[in-house]
Amino acid sequence: MRNPLGRFKTTTYSHVGPLTVLFALLVAVCVILERVGVPISIIKTLLVTFLGAAVVGIGLSSGTMQPARYFATGRTMQPGISAIAIASVWMSGSVLLALPGYFGLDTQAALAFAGASLLGLLVLGVTVGPAFNATGAYALGDFMRIRFASRTAQIVAALLSIGLCSALLVSQFTIMAFFVEQLLPVGPFTAIIVIVIPVGFSVWLGGMLGASRAESLIYLIALAGFVAPLAFFLFNSGAQSAIETFSAIDSAHFVPAQTSAGAPLFSGGDIPPVPRTGWFSVSVTAFLCIAAVSSLPHLLGLFSTVPEPRAARGTAYRAILLVLVPLLAVPFHTAFAQILATNSLVGLTAGEIGRFSEWVFSPAQSPFGPLFSICGKSASSVENVVAACGSASHRLEDADIAINAAIVPLTMTARDDLPVLFGGVFSLAILLAAASTAIALIQTIAVTVSQDLFRGLLAPAAPPGARLAVARAGVVIVCAVAGHVAYTYPQTSLNMIVWIAGLCAAAFFPALQLSIFWNRMTGAGAVAGMVSGFACTAFGMVIKIWGAGIVPAQGIGALPEFLELVEKADVTTIVMAGMAVSGLGCVAGSLFTSAPRHPSSGMARAAYMSHGIPRGNHQDYS
Numbered sequence: 054m055r056n057p058l059g060r061f062k063t064t065t066y067s068h069v070g071p072l073t074v075l076f077a078l079l080v081a082v083c084v085i086l087e088r089v090g091v092p093i094s095i096i097k098t099l100l101v102t103f104l105g106a107a108v109v110g111i112g113l114s115s116g117t118m119q120p121a122r123y124f125a126t127g128r129t130m131q132p133g134i135s136a137i138a139i140a141s142v143w144m145s146g147s148v149l150l151a152l153p154g155y156f157g158l159d160t161q162a163a164l165a166f167a168g169a170s171l172l173g174l175l176v177l178g179v180t181v182g183p184a185f186n187a188t189g190a191y192a193l194g195d196f197m198r199i200r201f202a203s204r205t206a207q208i209v210a211a212l213l214s215i216g217l218c219s220a221l222l223v224s225q226f227t228i229m230a231f232f233v234e235q236l237l238p239v240g241p242f243t244a245i246i247v248i249v250i251p252v253g254f255s256v257w258l259g260g261m262l263g264a265s266r267a268e269s270l271i272y273l274i275a276l277a278g279f280v281a282p283l284a285f286f287l288f289n290s291g292a293q294s295a296i297e298t299f300s301a302i303d304s305a306h307f308v309p310a311q312t313s314a315g316a317p318l319f320s321g322g323d324i325p326p327v328p329r330t331g332w333f334s335v336s337v338t339a340f341l342c343i344a345a346v347s348s349l350p351h352l353l354g355l356f357s358t359v360p361e362p363r364a365a366r367g368t369a370y371r372a373i374l375l376v377l378v379p380l381l382a383v384p385f386h387t388a389f390a391q392i393l394a395t396n397s398l399v400g401l402t403a404g405e406i407g408r409f410s411e412w413v414f415s416p417a418q419s420p421f422g423p424l425f426s427i428c429g430k431s432a433s434s435v436e437n438v439v440a441a442c443g444s445a446s447h448r449l450e451d452a453d454i455a456i457n458a459a460i461v462p463l464t465m466t467a468r469d470d471l472p473v474l475f476g477g478v479f480s481l482a483i484l485l486a487a488a489s490t491a492i493a494l495i496q497t498i499a500v501t502v503s504q505d506l507f508r509g510l511l512a513p514a515a516p517p518g519a520r521l522a523v524a525r526a527g528v529v530i531v532c533a534v535a536g537h538v539a540y541t542y543p544q545t546s547l548n549m550i551v552w553i554a555g556l557c558a559a560a561f562f563p564a565l566q567l568s569i570f571w572n573r574m575t576g577a578g579a580v581a582g583m584v585s586g587f588a589c590t591a592f593g594m595v596i597k598i599w600g601a602g603i604v605p606a607q608g609i610g611a612l613p614e615f616l617e618l619v620e621k622a623d624v625t626t627i628v629m630a631g632m633a634v635s636g637l638g639c640v641a642g643s644l645f646t647s648a649p650r651h652p653s654s655g656m657a658r659a660a661y662m663s664h665g666i667p668r669g670n671h672q673d674y675s
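Sequential numbering from 54 applies to the sequence shown in the working numbering.
Any given hint might turn out to be false.
For lysine-lysine, the following DSS-like pairs were computed, each having C-alpha atoms within a straight-line distance of at most 27 Å [unchecked claim]:
(1) Lys-597 / Lys-430
(2) Lys-621 / Lys-430
(3) Lys-597 / Lys-621
What follows is a list of derived Cβ distance ranges for each label pair [what the hints assert, rightly or not]:
(4) Phe-645 / Lys-430: 38 to 46 Å
(5) Asp-451 / Ile-250: 43 to 51 Å
(6) Ala-445 / Gly-70: 50 to 58 Å
(7) His-537 / Trp-599: 18 to 26 Å
(8) Val-89 / Thr-626: 52 to 60 Å
Just so you know, the hints here were simulated from the structure itself, not pulled from any lab data. Think of the CB as a built atom: it goes at the ideal place given N, C-alpha and C, for glycine as much as any other residue.
Can you make the complete structure from the sequences, with help from the hints?
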């Protein structure tokens, strides 16, 4: 039988190459238009239009009515393509977790986060990824069914995966909508529509093929944006001057990220990038980062589309190399932000800062909060700045200005006086990086709904065509719901990013690792571990966010004191407790149920060690 994916290896690059060339030509045209005086708003509109057209075009070119092609059943994707997709997702996470800003705020914390991210990819690539690939699983629930022959484990893993991926998708839509508003003169609702339709359509029509092609293009364009600050230093100051500038950065210029309500977005002890002071806390935070990265459902599936376990490991190695390139450029984002702020604001009076209202104060209502803290207070308006500084005649000094760490990228995106190669292209790069994660999340949810819930729970005998229809219906529904939530609750959705990573680590990391390396593990143990870890962390999250008073505990022994203790705990402690409870649940659930009947039930570990057991379910899509 002819392989329906036989041309994929060549067509992926043949699609991405021309689109990359077109983007390079577009940037050149935009630079020329900028030189001749065309308004920057028009140029940014051209860039966003190209993004939408490119993503839609990739979906059209990848579209198919064949389930095998839509789900990439033939597993013929090249490791490099999956690696590019993983690198695109990492770029999005690095921006949303404020990595550029924290290189200036806390270099030790930033390095811990960056190193742990790379180690997380390595753990994912050498343990879970090959096991997924060898068993034939495409999603977390699928893996649990094959590993334990348990529909219950499959459904529980699928439901948790869908819920967490959907919450993370809302966060991606939120940040994408905000940057669309920075690029185009549109409101929040239009911004949501502008991003949801092309991203959703590309996945709806193209499936895994369309997603991989889109993410390949996204990585190349986003990389251009990430290295823009580095290029600025090298071409304007020389390499030596760039290094000296970064070395001279004073952490006093950066303040911890704030939400628009003024509450810390990342406070001491949170999952990366801000740990407490000390190597022990840095190590704990790094470990949590590894656990979170290697437990994210939308990353797990990317290791299932390459031909064999060895290729899955190769995907991880390539992804690490691809991530290193933008990672080396990240510190210069901080230096770039400091120079822009210092050159623009130092020497002005508090009253004169109003001339910069468009780019200084416009982000004040963003999910990240105000761009600057001036005279020790958030600079949300000229009046606030004057009040903080004591008088309108107070002349700003270098020490008066601090940059919101989470909003460092906005120093390049919120200003219209920057060259299009920095402001416009970098804005598009951040938008594209978030789009890459959104595409992977949508595809993961669609496959999980189709394979784990529809086929596993409702219609085991459903033909491939029906499962394809359900997957596409899932794309439409999840895009509509996530887009609505992102529009309605933008502040809350963005603040959930850290918690979602923690929930994934607590629910999935112990269960996945024990499933691979412990033959005694049972389906009941997996269910107990996932549910208990998720429930423990979710309980701590609720108490932490809404306060201990949300639970009527007066008169119930020591419960009030316990709830107050949970409320005061940091996110790191809560997630670590959740992971410990999850591990205990896995062990207890396995030991209190019957042992596997034969050694081959340790399928995942055997697959990882031997690299050659038969695929479990890839024929189901053909």
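Against the structure, the hints come out as follows:
Proximity of Lys-597 to Lys-430 is assessed by CA-CA distance (about 25 Å); at most 27 Å being required, the pair is judged to hold. Between the alpha carbons of Lys-621 and Lys-430 the distance comes to roughly 25 Å, so the proposed pair stays at or under 27 Å and holds. The suggested pairing of Lys-597 with Lys-621 holds, with an alpha-carbon distance near 7 Å, which does not exceed 27 Å. Checked against the given bound of 38 to 46 Å, the beta carbons of Phe-645 and Lys-430, roughly 57 Å apart, lie outside it.
Between Asp-451 and Ile-250 the beta carbons are some 45 Å apart, a value that agrees with the proposed interval 43 to 51 Å. Range check, Ala-445 to Gly-70: Cβ separation about 56 Å, and the 50 to 58 Å hint holds. Between His-537 and Trp-599 the CB atoms are about 23 Å apart, so this pair conforms to the stated range of 18 to 26 Å. At about 58 Å, the CB distance of Val-89 to Thr-626 agrees with the hint of 52 to 60 Å.
Comparing the model with each earlier hint shows a violation of hint 4 alone; every other hint is respected.
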